[in-house]
Amino acid sequence: MSTSAPPTWVGRSLPRVEDAALLTGRGRYIDDLGAPPGTLHAAILRSPHAHASVESIDTARARELPGVAAVLTGADIQKLTTSLVVGVKAPVECWPIGVGRVRYVGEPVALVLARDRYRAEDALDLIEVGYRPLPAVVDPRVALDGGSPVLHEGLGGNLASDRSFRYGDPERAFAEAAHRIAIEIEYPRSACTPIETYGVVAEYDPGIDAYDVLANFQGPFSLHAVIARALKVPGNRLRLRTPPESGGSFGIKQAVFPYIVLMGAAARATGRPVKWIEDRLEHLAASACATNRFTRLEAGVTNEGRITALAWDQVEDCGAHLRAPEPATLYRMHGNMTGAYDIRHVSIRNRVVLTNKMPTGLNRGFGGPQVYFALERLVQRIARTLSLDPLDVIRRNLVPADAFPYRTATGALLDSGDYPTTMAKALDQGGLAELRRKRDAARAAGRLYGIGYAAVVEPSVSNMGYITTVLTAAERRKAGPKNGAQATATINLDAVGSVSVHVASVPQGQGHRTVLAQVVADALGLRPQDIRVITDMDTAKDAWSIASGNYSSRFAPAVAGAAHLAATRLRERLARIAAAQLNVPAEEVLFEGGKVRAKANPDNALSFSRLAAASHWAPGTLPADTQNAIRETIFWTPPELTAPTDADEVNSSLCHGFIFDICAVEVDRTTAEVKIDRYVTMHDCGRILHPGMVAGQVTGGFAQALGAATLEEHAYAADGSFLTGTLADYLIPTVMEVPEPLVLHHETPSPFTPLGAKGVGEGNCMSTPVCIANAVADALDLDDISLPLLPARLAEHLHGPEPAPKTRPTALAAAPAKTGERRLFGEGQATVAAPAARIWAMLLDPNTLLAVVPGAHGIEKISDTQFRADVTLGIGPVKGRYRAEISLSDLDPPRAVTLTGGADGVLGFGRGRGHVTLREEGPDRTVIAYRYEAAIGGKVASIGGRLLDGAARVIIGQFFQALAAQAGGRRRGVGAWLRRLLGRP
Amino acid sequence: MKPAAFDYVRAEGATEALEVLHAEGANARVLAGGQSLLPMLNMRLARPAVLVDIMAVTEWRRVDDDGSHLRIGAAVRQVEIEQRADLARRQPLLAAALPWVGHAQTRSRGTVCGSVAHADPSAELPLVLVALDGRVHLRSRRRARQVPATGFFTGMMATARADDEIIEAVSLPCAKPGTGYAFREVSRRHGDFAIIACAAVVGERGARLAVGGVADRPVTRDLPAPGSPGLPDALNQFAWDLDARDDLHATARYRREMVRRIGREVIEEAQRCRA
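Quick mapping for you: the protein sequence lines, in order, are chains A and B. Numbering-wise, numbering that gives the first Met the number 0 puts 980 at position 981 of the first sequence, and it's gapless, one number per residue. Numbering-wise, numbering that gives the first Met the number 0 puts 101 at position 102 of the second sequence, and it's gapless, one number per residue.
These are calculated hints, taken from the structure and not from any lab test. Just so you know, nobody snuck in bad clues.
Taking CB as the label site, the calculated pair distances span:
#, chain 1, residue 1, chain 2, residue 2, range
1, A, R924, B, A103, 54 to 60 Å
2, A, P233, B, A103, 51 to 57 Å
3, A, P14, B, P38, 34 to 40 Å
Here are the simulated DMTMM-like cross-link-like pairs (lysine to aspartate or glutamate), alpha carbons at most 20 Å apart as the crow flies:
#, chain 1, residue 1, chain 2, residue 2
4, A, K481, A, D645
5, B, K1, A, D278
6, A, K78, A, D204
7, A, K878, B, D6
8, A, K805, B, D242
9, A, K78, A, D57
10, A, K860, A, E884
11, A, K878, B, D162
12, A, K805, B, D221
13, B, K175, B, E203
14, B, K1, A, D115
15, A, K674, B, D191
16, A, K477, A, D647
17, A, K88, A, E474
18, A, K598, A, E571
19, A, K231, A, D75
20, B, K175, B, D63
21, A, K231, A, E92
22, B, K1, A, E277
23, A, K437, A, D427
24, B, K1, A, D31
25, A, K674, A, E433
26, A, K878, A, E127
27, A, K805, B, D240
28, A, K878, B, E23
29, B, K1, A, D30
30, A, K424, A, E746
31, A, K437, A, E672
32, A, K674, A, D439
33, A, K437, A, E665
34, A, K805, B, D232
35, B, K1, A, D124
Computed from a prediction, not measured in an experiment: that's the story for all the values here. Just so you know, even glycine gets a beta-carbon here, dropped at the ideal spot from N, CA and C.
Just need the whole structure built from these sequences, with the hints factored in.
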């Protein structure tokens, strides 16, 4: 018996049981599962406007299309549902579809149910919506101004919540501080962009008034209550199931829930099952993303860089609706507002603001990136201001090693760690000395090399009560306390003694099944391959609670821990049954290698399967005082997750990992491109259950964080147009952009979790963006830096004053709009062989306009200066039909006129103004000069933004060329014009 | 992201393809790789009534090298050119630019002529064609004609091609002794649309620089020889004349800066390659 079995399966990088199916295309995702007979396929008409009142919706033509079963609007959905609950106490509603009003580009307006998705999308084109555009607001600080457009009148403004907090004696600490050092941050919006988009299959049974929904929802299942309430059924009449596989989520699939309500209502309205798979355009515009946030953070600091006080002022932008569980992004970090530092005096002001952008939701890192970008930039600023080494500032402020468990000023209980030692190991093993030498050498050679750091506490296992910190203590008392985080696991022994495990953890590729098999195999002395793990969920049949789901990095600390506890409890019962058969005390029973034996005598043994089957086949043989050992379900909630105190202290999470990152970058002097030379990320995530998966989590989080730092932004123009509607504009890093980080570990097990594990999935999303930014700021010697690190923006610090051209090209207009704003401008001129008076007459003549307006099918004269036309506009293969209105004003015959126009169509809308001047240079020679400015929104702006400027120039150029040609008396009939412009007879 | 309904014609020969284009005009689009067209169909930006798939037309699958020119047929995929063993010798500029065209996956489907027909202002292949003074061979049922590349691109996704014409082939001169070629591109990620792409040709008579991604079409200009005192000013004027615009990924200023700096670097690199 010399073959020594490994001490435990846990802690080893076993091959993942999930991978065989996933890597051979046999994963069962929602779209692979087939749909019930008679299923209708849904397509959603979405708002092209950031803010508009919906005056009319004409669905008649869409409904007449063969294959279309129904077209539903906000009014139809409203009849079958109630508003989603909103996280603040205010008279505001939140519907899964626009009801009389749309507040962001992409908000659903109507729903087509048809025999297939193609037909449903055909019908979308036939719905005519009358929008009355309203002014939009996209900047959260502007939204706070009294004069800004208001999204929800019930709030009396755009401020949904305003709370101030005070811990310790911040006023006094600031007054006594040698220095007050502040930083202002605008953190942009980004999202984690899973490969698989949302999917919902909904059915409604009118006989029992119950919904059965399959959706790739990820939890938290507290939202089950929100969905059931919106569908107007008790929880037991909403059966919510998840498919076996889900293709990534990173938080985002929390926000499929409004679509569950929408599709549930559609199934009820049509009496048929309804299936909807979100496409990529819908996902980018209207799924969910992280919040953008304005932060002002000030520190009181000693001469040595010791931070004595922090003052936070956070303005959180949750988009167009405060959708559950928001404003959780803001409060998830509430206990951790001092990061890894020992700072006792803190003031916080949290404002939650609504703007005309996509509503926000869960996203990997959830609130951490926004907080740490401010905090760790501030630490760097302190070092810079006081001429200290940033490492010294970090060291002087870290929570000391002997202080654990450490209660932060704002209420978190940091469970374990040794931050100074972990940091020292990172500097040593990460090769800081070498990086510093490289920096010196690079700088001596005139190159731009920088090193950045970040020290971060990574919270995991959210307290279900933290969000109530948004309420006042009095409001909380009225509502009743909320706290805890129930994790659950069920172990089942079947009639042949084989073991299955079920958890309500809803993985999206993480490998939960592998780790749970390891955990349970260890407890029962079996091999992981003996354990079958089921992770799809059915709220009608499975054990679950509101904290169920896959978020806040709760799997390893909470779910795996619960499985360990359930298996241990089952083993204890099995041991009592075995004790009777082996004639030894239960404490002497050993589970090992598939056998159950007496500790002292290996030959006194039973096979595990025989013992495990005993409760099925021979319950009469069980000892009298022993319960059967068939199934064990455990619910585990850590006692440390208490409700917020009356002083607003909250232990917002159970576990707290520690991360110390080092980033070395070189910035190209010509292009300002940032190249990461080395990235070191040191993690203390407690006990590591599966090193390979931890490496996967760290590497994946790093890649997404690098995207957020360097490439990704959900960008909106000032008018609320959405600018990053495809993956050609919303840039996510590929393998070409992601260097491999050096991942280091230091383990201090958590005393609060069954296995000593902590979460590890989100930390790099918190540490990496600011660490890279710190490195680039160091390389370029900058005070301020903002994300994403656009080379064109960084280049402004490198490329001194610009040489002027010898001759300025005529087409250059005045000041260009700010980057990203979807405003077009231009000017040009054409010389025409005709007197000005003739051209003037043509501008006012519908027949001429018909000939010169590009793609005009017919022009209707409304008044002498107003015209309406149907036009087909486009470039290359991109063409769309629009309804256009043109009016003339500022008439100064025959010298100048202003043309104002707008066009609306399926591809979007545009508004523009052009000023035209006519200057006679001779008797039959007139120079037509024009200058225009246009704004374009809707689909073309979102997905073809790159081409718009050029397209507008082509089309406007066509107009003036045509005008010139027409005025020049060239023999071209209207038909010929149309053929030239459209290639259509 | 489902396309509107369209008819699909898989042309057996050139005649059939030209007949369809003759009959349908602008209602038809040629499918030659589909790496730009199909996303546009799926997003319903484009709604042609007919797609004419020409990939089975054998006479358009030819690549001819007559010693002075490389003639690439309409149905030749980018990867087929990229993998020609002698490409770097026959036409180093094309060899340098091809790896920047999309990704390996898109190059395995996309065609050279399809990219030219699409006329994206940041595309590499139109830029190379313009830089080398290549020619576009157009054919319709009525006639065949050739257009110099410099006159072919007329604006954003706009070309001199008539609706009933197909780009039957493009031809570009092979490398000449004593001439150096260089290519560089700046984009946010590898394979993204170019913020700026520069192609330089330097020979006896001086330098020529072609720039893509800045104006609404690839633009080429003859410049003073590398090292001559007039080059910086000429580059600066070129940078301004391209009328760069701001967008999400770069500012107009940045693009001008790249024309001045990268433009100069590629000209110098092409000069070194003359040897």
